[in-house]
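Visitor: Quick note, the sequences are listed as chains B and V, same order.
Just so you know, we're using UniProt numbering here: the first sequence kicks off at 1 and counts up by one.
Just so you know, we're using UniProt numbering here: the second sequence kicks off at 1 and counts up by one.
Some hints here could point you the wrong way.
To be verified - With a straight-line Cα cutoff of 25 Å, these simulated DSS-like cross-link-like pairs (lysine-lysine) come out:
1) B:LYS11 <-> V:LYS703
2) V:LYS677 <-> B:LYS8
3) V:LYS699 <-> B:LYS7
4) V:LYS159 <-> V:LYS148
5) B:LYS8 <-> V:LYS687
6) V:LYS277 <-> B:LYS104
7) B:LYS7 <-> V:LYS265
8) V:LYS703 <-> B:LYS9
9) V:LYS677 <-> V:LYS687
10) V:LYS702 <-> B:LYS8
11) V:LYS61 <-> B:LYS8
12) B:LYS7 <-> V:LYS686
13) V:LYS61 <-> B:LYS71
14) B:LYS11 <-> V:LYS159
15) V:LYS358 <-> V:LYS318
16) B:LYS122 <-> B:LYS138
17) B:LYS6 <-> V:LYS699
18) V:LYS677 <-> B:LYS9
19) V:LYS717 <-> V:LYS703
20) V:LYS106 <-> V:LYS61
21) V:LYS687 <-> B:LYS7
Quick caveat, the hints were computed from the structure, so don't treat them as lab data.
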Amino acid sequence: MGSSTKKKKEKKKDFQKLKLKVGKAKPKASNFTDTSFKSKSIVVNQQTLVAESSDPAEQFKQNLSLAINAKSDNQRRDALAYITNQLSADTPNNPVGTSGVLTKLLPLMSDGAASVRTQLLKLFRSLPPAEVGPHVEKILMYVRSGMTHLSNDIRSDTLNVLEWVLDVAGDETVSCPGGWLKTLNSFSSMLGWNPSVGSAMSAKGWTSSSRPTLGTKKGPEAQARQIQVLAKFIQTGFRPEAPVPYNAVAYWDNIYCLPGMPNPFAYLNLFGTPRDEDSEMYPDRISRQRVFDAKWRAAIAAGMDGAKKEGGTVGRAAATLDKAMNGRL
Amino acid sequence: MVKRKVAALEKVEADLVNLQYKIRRDPRSYAQEFYDQWLAYDAQRQIFVSSPATVSSDDTKKFHDLVDLVAHVADLYPEVTAPFANHLKELLIQHHATLDKELREKVVGSLVLLRRKEVIDSTSLLTTLFPILISTPSKTLRSLLYTKIISDLRESNSKATNHRLNRTIQTVLHNLVTSDRTSTKGMWATRITRELWRRQIWTDARPCDVMKEACLSDNEKVVVGGVRFFLGGDKEREEMEDESSDEDIDIKKVKHQSTINKKTKKRQKAYEKAVEKIKRQERRKHAAHPLNFSALHLIHDPQGFAEKLFQKHLQNTKNRFSLDNKLLILQLVTRLVGLHKLTIISLYSWFVRYLTPKQLNVTSFLASLAQATHNLVPPDVIEPLVVKIANEFVSEASASEVAAAGINAIREVALRQPLCMTETLLQDLVMYQRSKDKGVVMAAKGLQSLYREVYPELLQKKYRGKEATMGMRSGQVKQLRFGEEEDGGIEGIELLEKYKEEQRQKKREEQGLTADGDAEKKEDEDEDDGFNSEDWEVASTDSESSGGWIDVSSESDDDEPAKKRRRQDDSEEAPELVDTSKQDAATAEYNRISKLATTTILTPADLAKLEELRREAKIDKALGRQSKRKKELIEKHIEDGLTAEDIELPAQLGKKTTKEERIARAREGKPEREEHKSTQAIRKAKKEAEGKSTTNKEKARKKNFLMTIGKAKAKNKRSLVETRNVLRGHISRSKSGGRRKNGL
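Bound-form chain V, shown alone (with noise of 0.2 Å):
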C-alpha cells in the first residue's frame, strides 16, 4: 500500500488541511465549500461501504482525509452534518475488522473529537466504542479503545461527577459481567473498572458491586482481575494519590532564569503557568481530604459475598484454579471474614488439609488462617488448627524455619483471639524458646509477651513477668470471656473532662463563690451524672462477703468465669495495693464520661483541646512504660491484613545474610549512583548541574599557583609587627563578619 506522491501543484489546490483551517477562521464565508466537501465526503462514504474490503489505498487515503475535515468543523455546521456521527457509528460497527487501521483509528478519533466537541454525548460515544472493544480481535484496536473510553470518562467527571453517566456505564459493565459468566468479556470490566477506581473517578459502592460480580465470575481471568482488585485497588489508588502531588516545581530556579534569559511572552507564560500550578497544589494540600472509603468496606452485605466465594472456588472440589490464584481467593474470603468480623465455620475445617510444611505457599495459608480470625470466632473451632500447626510445624526434628513459622501463626492467631490456646500448649510452646535458633527464640518470645498482656494466666508462674504478675495482683489485667466487646469511647475523652473540671473550679476560685454554694453545685452535679457511690459500695461488699477465697490458689479450671470473679475479689482484698473506694471512684468517672459525650456538643475548640491533651498523655506515657505489644497493637490495626512475609519475619531472623544482600541493604534509600565517586564529587556535580558557582574557598583552592606565589614570598618576608597585625585584623574581621561586615 505504498502512496503516490502527489505533485506539488496539486497539493496547493487540494489542500484540505488549508481549507480547513480556513473554514474554521470563517464558517460562514466558507459554506459553499465545506458543502462541497460534504458533498466529497458522501461520495466517498458510498464508494467506501459499496466494498469496504476491496477499496483501493487511494480511495482510503481520501476517505480518511475528508472524515478528518468533516469531523473538525462538523461543530460549524450542525445541519449539515447531522448524519456525521451516525456514519461514523455505522461504519465503525459493522465494518471495524475489515477497515484499514490508520482509518479505523481516524474514526474513532473523530467520534472522539464530535465528543469533545459536544456534537454527541459521552453515553452515545461510550456505547458505541464499548461493544468494539470487546468483541474486535485486533490488539492495537483494543488499546486506543480503552485510552479513548478512560479518557473520555475521566473528562467527563472533571468538573463535576457525572452521575448519569457514571451509572449508565457501570450498569452496562455489571450486565458485562453478569450476562455471560464463562467469558472472558468480563475482564475489560475488571480493567476499566480498577482504573477508574485508581484515579479516584469511581469511589461508591457501585463499581465495588461490578467487581463483586467479576469475583463470583466462572472466568479464571475475570475472578483474579476482581480479586486483585479488592485486594489491592486501595493501595494503588493511594499510590497515585501520592505520585500526583509528587511532582514539583522549582519555582526559584524558574524564577532565576527568567532574570537570566531573555525575557519572552513565551517564558513569562511559563513562569506564570508554574506559579499557577503551584498555587493550585497548595490549595490541594490544604483542601480537606476526600473521605474515600476502601473498596472493602463499600461490599454490600459482605457475610453472603465470602460465603459464595468460598463455596464456589475454594470449597468446591471441581475447581481447577492454579493455586496461586486459590490463595489469591482464600487471601479476599479471609481478609473480609477478619474484617467484617463474619461468621464460616466450615472455612476453619477446610484449612485443616492445607495446614502442612510440604504444602506449597504453606504461609500464605498460615496468614490466611490469622486473617480469618477475629474475637467473635468459638475458641474451639480454632484450637483444632493451633495444635495442627503445633504438631505439624513446631517439634524439635522440624526445620528452624518451619517451628520459627509455625510458633509465629500460632501468636498471629492468638493475638486476634486469645483463648483459642490451652495451657499445656502454651506452655510447651513459651519452651522453645531454650531452643538454639535465634528465629525460632524471637518467635517464642513473641508468643510469650502477647500472653503476658493478653492472658498471663495462661502463662505458668515464671514466665509471666513482673508486669503481669502485679496486673494480676491489682485487678487490671481483666479476664477474658468469648464474645465480649471492650466498650468503645472517645480516647482522651476523660482528660478532656477533667480539665474542663478544672477550669471550671478556677473559675468559681476566681468569683471567690462560697464553699457551700460549691459543695452544692457539685452534688447536684453528681446527681445528674448518676453518680451514686453508696450503692456501688454496698454491691462490692456483698460479693466480697459471699465469694469464698479459699479456692484462689486452686489451679481448678473448671467454671473459669466464677473463679475469675473470686480471685478479683481477693485481689481486691488481700494485699493494700488497691481499695474499693479507688475502684467506684473509676466506674463513677466512667459513667461521667459517657454523659460529656453524650450530653454535650463537642465544639471545634474543644476536639483541639481534646487533641493537645492526648499528645501530651501520651508523652507522658512514653516517658513512662508502655508495653512494646501495646504500642505495636496500636500502631498496627489488627483489621489489616497479613501477608505470609509477615509469617516468615521471624525465621528470617535467624539466618546469616550474604554480603549482596547486605550492600543492597546498606544501599537502600540512598541515591543512585552509577560510578564509585566521593561524595564531595557527586556533590559537586550536582551544584555544576543546577547551574551554581562555586564557593570562594573553592576558587581559592583552585587558583593558579603562579598567581598566589607572589603573595606567598611576600608573607615570608613580613616583620614581626607586620605579622601581628595581620594577625590581629583577621580576629577582628572574624568578629565583625569580614570585610564585608556582613550580619552587621
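Next comes chain B alone, as it looks inside the complex (with noise of 0.2 Å):
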C-alpha cells in the first residue's frame, strides 16, 4: 500500500495551494519564464524621426521604394499618386529617370488591388512618351505576362497599359523583338482564337474544342474591349509607314555619325540568346504583314467572323478589327 499513498500524495501536489508567508515574496508560478535581460549597449541605427524630409529627391525614391513593398493597398496607391504627381507637375522632378521607374514599377502590373493598378496607368500616362520607346521591350514583356494571368481584372487593365504603349510608341512596339508575334500570341489566348491548341487537342481525336473560358468570364464587354485593342495592335501593326524626308547627308551619317538611337544593331542579335521565330523583331510593315498571314490571319479571321455573328457591341468590335486586318483604315 505504500506506493499508492505515496502515488496519491503525488496526484494532490499539483493542487495544493501555495501557502503565502508575510515578508517573504511570493512564491514564482511553475511556468514562470525569466524574461530579464541583460545587456552592455543599446545599437541604435542611424534613424531620422522626421517623417518629412525636406529633400524632394529623397522623398520621391521613398514613395517609389513604398509603391513596391508596402503590404497596405492605400498606402501603394497613395505613393503611386504621389510620384504622379512629381511627374506631372510642371517642372518635373524624377530623379531616378524614367528607366528607373519603369524598371522599379512594371511589376506592379499584377498587383492585386485594382485601384493600385488603376493609378499606376495614370502615371504611366504622366511619363514623357519619348522617353517609353527604348524601354517599350521591357514593357512587353510584362504586358505579355499581365494579358495571360489568372485574373480577370489584371488581363483587362493590362490591355490598357498595351493601349497606352500603342499610344506613345507604337512603332517601336510592333517591331521590338518579340513584339509583333508574342503579343498575337497572348491576345489570341485571350481570345481562345489559337489554332495550336485546337490543333493539338483534335489531333487526338476530340471534336469538340474546348470555349474559351478566360476571355468570356466578364461578358461581351471585356471581350469587345479585347477586340478592340487587338484591332488597334493590329491597326499600328499595318500601318504604312511615313515616308522618311530627303536627307541630303543622310548617306554619310550612316556612315561617319554615332546613331541616335539606342541599340541601333538590335536586329543583328549580336549579344543576345538565338531567338525563334516567336520572339524575332519584325521592324517593317512587309515583314510583319507576311508573318501574320502565314500564322495568324485564318485563325483571327475565323474568329472574328464568329464575333462578328454575335452582333452587338462585340460585333461592332470584330467590324473594327475587320478593317484594321485589311488596312482599311
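Take the two lone chains, each set in its own frame, and fit them into one complex as the hints suggest.
Guide: Here is the structure:
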C-alpha cells in the first residue's frame, strides 16, 4: 500500500494551494519564464525622426520604394499618386529617370489591388512619351505576362497599359523583338482564338474544342474591349511607314555619325540568345504582314467571323478589327 | 524579401494549385487554360532571363509558381511543353549561382519531376546536374543535387540494372577524376561511387576503376576518399545490407490491434501492407545471395596499382600528406600485397625507417608490415625487418607494452612467412615467456605455439611440446620450403569418396555377388585410378637404401631440404609408429580423390552429403584434440586485414582495468536503462508499453486487503476435515490442469 499513498500524494501535489508567508516574496509560478536580460549597450541604427524629408529627391525615392514594398494597398496607391504628381508637375521632379521608374514599377502591373493598377496607369500616362520608346521591349514582357494572368481584372487592366504603349510608342511596340508575334499569341489566347491548341487537341480525336473561358467570363464588354485593342494593335502594325523626308547627308551620316538611337544594331542580335520565330523582331510592315498572314490570319479571321455574328458591341468591335486587318482603316 | 499578402478574393481566382488539380483531372478540357499559363510562363521567363539578378521578389515568386504548374502537367501536353526541360536546364546552368534559393530548388525539383514523368531521360538529367554539383559554391544546392543524383540513379536501377546509364555516369566520374588530378572535384566522384557501392547499385569493376584513379590522384582528399573506399567500402555494404533487413514488423501485434480498433479501410490497408512487407522479407531471406565481389578483388592489375600507389604517395619524399593519411595508403598497399600475393621488394626496405618504438602509430606500421607478408615473399627480405623489430622493441629494458607489441608483430609476420626466422632469434624470443609481464608472456607463448605448429625444428627441443615432437617423429610435420604451395582440393572430398565406396560395397553384398567378381571389379577400378602400389614401394625402398641415417642427429644447418628428406626417411624407419605401406596407401588415396573430383560431376545430392559428412568429421575433431592454432587459422582468414589493435592486443592482457572500464564492459550488449531499476520493474514497464495485461499472480498480489480479509478469516475457522478437503482439492486440481482443466 505504501506505493499507492505515495502516488496519491504526488497526484495531490499539483492541486495544493501554495501558502503565502508574510514578509517573504511571493513564490514564482511553475510556468514562470525569466525574461530579464542584461545588455552592455544598445545599438540604434541611424534613424531620423523627421517624417517629411525636405529633400524632394529623397522623398521621391522613398515613395518609389513604398510603392513596391508597402503591404497596404492604400499606401501603395498613395505612393504612386505622389509620384504621378511629381512627374506631371510643371517642372517634373524625377531623380531616377524614366527607366528607373519603369523598372521598379512594372511588376506592379499584376498587383492584386485594382486601385493600385488604375493609379499605375495614370502614372504611366504622365511619363514623357519620348522616353518610353527604348523600354518598350521590357514593358511588353510585363504586358504579355499580365495578359495571360489568371485574374480577369488584371488582364483587362493590362490592356489599358498596352493601349498606352501603342499610343506613345506604337512603332517600337510592333517592331521590337517578340513584340509582334508573341503579343499576338497572347491576344489569341485571351480571345480563345488560337489554332495551335485546337490542333493539338483535335489530333487526338477530340471533337469539340474547348470554349475559351478566361476571356468571356466577364461578358461581351470585356471581349469587345479585347477585340478593340487587338484591332488597334494590328492597325499599328500594318500602318504604312511615313516616308522619310529626303536628307542629302543621310548617306554620310550613316557612315560617319554615331547613331542617334540606343542599340541601333538590335536586329543583328549580336549578344543575346538566339531567337526563335516568335521572339524574332519584325522591323517593317511587310515582314509583319507576311508573318501575320502565315500564322494568324486564318485563325483570327475565323474567330472574327464568329464574333461578328454575335452582333452588339462585340460585333462592332469585330468590324473594326476586320477593317484593321484589311488595311482599310 | 517579404512576400506580400494576397487578398482572399484574388487568391481564389489566381489559384494555380487548383488549376493544376483541374488540369490533371481532365487535361483535354483545360487545354486552353493550360496554354494561357504556358504563355504566362513564357512571358515571366523572359522577364526573368532579361535580368535575373535584379528581378523583383514578386516576379520570382510568380515564376516559381508557374514553373511548378508546368512541371506537374508537362507530361499531359508534350507538344506545347517540348522546350520546357531545355528552358530549365539553361536557366540552371547559366544562373545557378545567382538564382533565388527557393526558385533554384524548384527548378532542380522540376527537372527531377520531369525525369520521373519520363519527359526527359536520366542521362540528360544527370549530365545537367552533375557539372553544377561540381562547380556551385552553394552548400545547400550541392547537398540537394547530391541527394537527387543518388536517388535518380537508385530509381533508374531499381527494376533492372540500367547498364547504359551506369556506364555513362561511370565514364563521367572517371573523366572527372582523371582530367584534373590536382583538384578536389574528384571528391564528388568518390562520394557518389562510394554511396552507390554501399547501396549495391554498382557492384562491378568499373566503379573500382574510378576509385583506383582517385587513389592515384594528387589531391590528398581525393586520395583518402579512394583509399578509404577500398579499406572500408565492402564492410559498409555488408552493414547496409544487415540494416535493411533489420527493420521488422510484429505482424501479431498488427493483427491484434486490428481486432481491437475500429475497422477502417486505412487500417485494413496498413495491415495488408505489413503482411506484404513480411512476405517480401521472407522471399528475400530465401533468395539466393547475390555474389558480390569485394572491391579489392575487382581491381584490374593490382600489381601495377600497388606499385604506383607506393611509389607516388609513400616512397616519394616530396609527398606532404599527413601521417594518418599515409598510414591509410600504406594499409591499402599492404592489404593488396597480402591479398593478391604481390611482390614489391622495395616496400620492405622502406619499412625499416619506421620500425622504432618512438615512431608515431608504430603499431599501425607493424600491422601493415604483417599484412604485406605472404608466403611468396623471400625470407631474406623480411628477416632484417624481424631482426630490427626484435632489436628495437624486444629487450629487457623496453617497456612491457612495447615488448609485447614487438613479439606479437613478429608472430603475425611469422604466421604468414614462417621462414623469416633464425633459430637463435626464435630461441631468444621464446625465452621471454619467463618475463614478469603477462602481456609479454602471452605474446612469447603465442610465438612458441605458432612455431610448434608450423616449423618445430626451429624451436629448441624442450620447447617443442609433445605433439610437435610426436609429429616430427611420425613425419606428419613436413619440412617447409620457400615458395611451396599446398595442393588445393575440396574439403572433405575424401570422406565422400569413402562413403561412396562403402555404399557400393553394401549394394554389392546385397546383390550377393561372388568374391571373384568383386575383386575383379576392384582391380579394374584400381587400374583406372592409376593406383600402382608396387611402384611406390620400390621408390621408397630406393631412397631408404641411399639415405645415410647417421646424419640425423647432427645439427648442421647446411643443405636443409636434403637434411629434411633424410630425416623423414629416418623417422619412417626407426620406430614402429608408421610403416611405408601406410604412406603408400595415403598417396594412393590422394590420387583417387583427385580422380573423383575431376572425373565425375558432383550432383546437388552429393554436395549435400559432402556437407553432412564434413560436419560430422568436424564434430569428431572437436571431440578429439585439435590444436587451437589450427582452429584459429581456419576461423581467421589469413587474407583478412590486420589492424593496430591486433598488434596491441597482448599488451592489454597485463593491464589492470579501471572501474569505469569494467562497468562499461559489463554493460556491453545489455539493454539501455536510464535509471537504476530492478529487472522486474523493467520487465513490467516493457509489458505495459506493449499493452499487455498483468498475470493472475500479480492480480492476486495487488488485490485490496479488505476484499481478501473475509476469506482469510474464514480460513482460520476451518475444521481439520475441511482443510484436508481443500488441500486434496488443490492437489487434484494441480494434476488435472486447474479449475479450467487446461491441457485436457
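Visitor: Would you mind marking each hint as holding or not holding in the structure?
Guide: Verification of the supplied hints:
1. B:LYS11 <-> V:LYS703: holds (22 Å)
2. V:LYS677 <-> B:LYS8: holds (21 Å)
3. V:LYS699 <-> B:LYS7: Since the Cα atoms of LYS699 (chain V) and LYS7 (chain B) sit roughly 19 Å apart, the hinted pair holds (cutoff 25 Å).
4. V:LYS159 <-> V:LYS148: holds (18 Å)
5. B:LYS8 <-> V:LYS687: holds (23 Å)
6. V:LYS277 <-> B:LYS104: Violated, at about 58 Å.
7. B:LYS7 <-> V:LYS265: Given pair LYS7 (chain B), LYS265 (chain V) is violated - Cα atoms ~41 Å apart, limit 25 Å.
8. V:LYS703 <-> B:LYS9: holds (21 Å)
9. V:LYS677 <-> V:LYS687: With Cα atoms ~15 Å apart, LYS677 (chain V) and LYS687 (chain V) stay inside 25 Å; holds.
10. V:LYS702 <-> B:LYS8: holds (16 Å)
11. V:LYS61 <-> B:LYS8: With a Cα-Cα distance of about 59 Å, the restraint between LYS61 (chain V) and LYS8 (chain B) is violated, given a limit of 25 Å.
12. B:LYS7 <-> V:LYS686: holds (20 Å)
13. V:LYS61 <-> B:LYS71: holds (16 Å)
14. B:LYS11 <-> V:LYS159: Roughly 58 Å separates the two Cα atoms, so the pair is violated.
15. V:LYS358 <-> V:LYS318: holds (23 Å)
16. B:LYS122 <-> B:LYS138: holds (19 Å)
17. B:LYS6 <-> V:LYS699: Distance ~20 Å between LYS6 (chain B) and LYS699 (chain V) Cα, so the pair holds.
18. V:LYS677 <-> B:LYS9: holds (22 Å)
19. V:LYS717 <-> V:LYS703: Holds, at roughly 22 Å.
20. V:LYS106 <-> V:LYS61: holds (11 Å)
21. V:LYS687 <-> B:LYS7: Since the Cα atoms of LYS687 (chain V) and LYS7 (chain B) sit roughly 21 Å apart, the hinted pair holds (cutoff 25 Å).
The structure fails to meet hints 6, 7, 11 and 14 from the earlier list, while all remaining hints are met.
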